[in-house]
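K.L.:
Each chain is listed here by its residues.
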Amino acid sequence: MEGRPEEESELFSRAQRGETAAYEEIVRRYQQLAFRTAYVITGSATEAEDAAQDGFVKAFRALDRFRPGAPPRPWLLRIVANEARNRVRSTQRRLGLELRLAEGFRPGDAAPSPEAASVAAEDRGRLLGLVNGLGEQDRLVIASRYFLELSGAETAATLGIPEGTVKSRLSRALARLRARYEEPPGA
Amino acid sequence: MLELEQELTALGAALEWPPTPNLAPRIGSHLRAPSGAIHVPTWWGGRSRWALAAAAVVIALAALAIYPPSREAIANWVNVHTSFQQVPHLATPSPQPPGPLGQRLGLGGITTLPDAQKQLTWHITVPSSLGQPDEVYLQPAPDAPALGEITLVYATRPGIPVAGQTGVSVLITEARGAVDQNFFGKMMGPGTTLEPVTVAGHQGYWIAGPLNEFFFTDASGGVRSDTVRLAANTLILDDGGTIVRVEGNLTKSQSLELATSLG
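Protein sequences, first through last, are from chains E and H. Residue numbering for the first sequence is 1 to 187, as defined by my numbering. Residue numbering for the second sequence is 1 to 263, as defined by my numbering.
Calculated directly from the structure, the hints in this document are not laboratory data. Glycine residues also receive a C-beta, built at the ideal position from the N, C-alpha and C atoms. Among these hints, one or two may not hold up.
Chain E regions said to be covered by chain H (calculated; three or more residues, Cβ under 8 Å) [said to hold, decoys possible]: (1) 22–31; (2) 71–84; (3) 146–155; (4) 161–170; (5) 174–183.
Over 10 Å on every C-beta distance to chain H, these chain E residues come out as not near it, computed from the model [unchecked claim]: (6) GLU7; (7) PRO68; (8) SER90.
On the chain H side, residues computed to face chain E include the following (Cβ under 7 Å) [unchecked claim]: (9) ALA14; (10) LEU31; (11) PRO100.
Work out the full structure: start from the sequences and follow the hints.
P.N.:
Spelled out as structure tokens, the structure:
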């Protein structure tokens, strides 16, 4: 439910003037993305909730450093992701990503035959298993780009690396994933 | 886009994510705290504050179960740690007296939807599937309109049994705030089940069976205790920062259909 750019800009301007209602609306718009981003990093819904909450509060305190007209998503994601990474570091552990396939099909999907649906679910389950089995760097960059659908700049902000590094890291991660995916199941 | 990338994008759309917590009202409450200071969650704040309040609630309820007369004392004790308000209430009436249905349910002052809307800063949602409520009650907060609570009373409706001898089939209570299932999940009796649900993108909980007390964080950040009036099923929905509670002998599908028609 993101508004038009000028609406976002106006919201940020109002929040920078101290209007908490405007900032609450900003949080409402970005809380899902922030929470999921933190979840991808921490692998824990509880840690992700804390990281997103702390991140939003810190972002409010840093609003005076937000450049008017700049895209807010990378800026917010950088703060929230930093919180999430700090939590992983402080707990000295990272839980495995626990994403699962949703049951059934989303509204708007073409109704497949039962056989096709079964095959598709099996393929997706296998692919998800392979992603989860990748190293952390590979998994994070793939999850950011394809599961969270972040842009290159947003992925760079989330992972705390230059955009050029995102491209090279993603390329290598895809190559490793492709090699495993093309192996016959059970090989 | 290469085939593998297309498959990854499709996989992303088919993933089941944990429910997104509604952080906006929680953060808004922090920012509007009377101290004017922005509260960065620490051991005493943020999620830990929720955990602390939940623990306090559990202890209070355990004590209430053993020593019912000490309810006020325990509420005062809990107030040492967090703003804990109790909405005054009466027991579910039996038998049904003459007069307005909601009068003996302790729902506040009887009013009309337009008048109630004038006294609240947020939009009152009404389910189109039930039509206009038969009665409307408001518990206003004169000093803080954001803290008011409104209840819509529906008498008989086709396909929905009346709850006990109340003459009421559905109660819908609305207030601004945030919910955490750790709060009211502890209040469920044996045989009562809780299931997270999503209605039009809004997070909620379907509670099949009696739920004695309901706890939520109101718009001021204080924890509020509210009695569930009908010994029936309950749907709790966070509708963009408005906590909507639907009580009645509704099936889950009836409740979800009703919630979908809120507007």
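K.L.:
Taking the hints in turn, state whether each one holds.
P.N.:
Right, here's what the structure says about each hint:
no., hint, verdict
1, 22–31, "holds (count 6)"
2, 71–84, "violated (count 0)"
3, 146–155, "holds (count 4)"
4, 161–170, "violated (count 0)"
5, 174–183, "holds (count 4)"
6, GLU7, "holds, 16 Å"
7, PRO68, "holds, 20 Å"
8, SER90, "holds, 13 Å"
9, ALA14, "holds, 5 Å"
10, LEU31, "holds, 4 Å"
11, PRO100, "violated, 35 Å"
The structure shown violates the earlier hints numbered 2, 4, 11.
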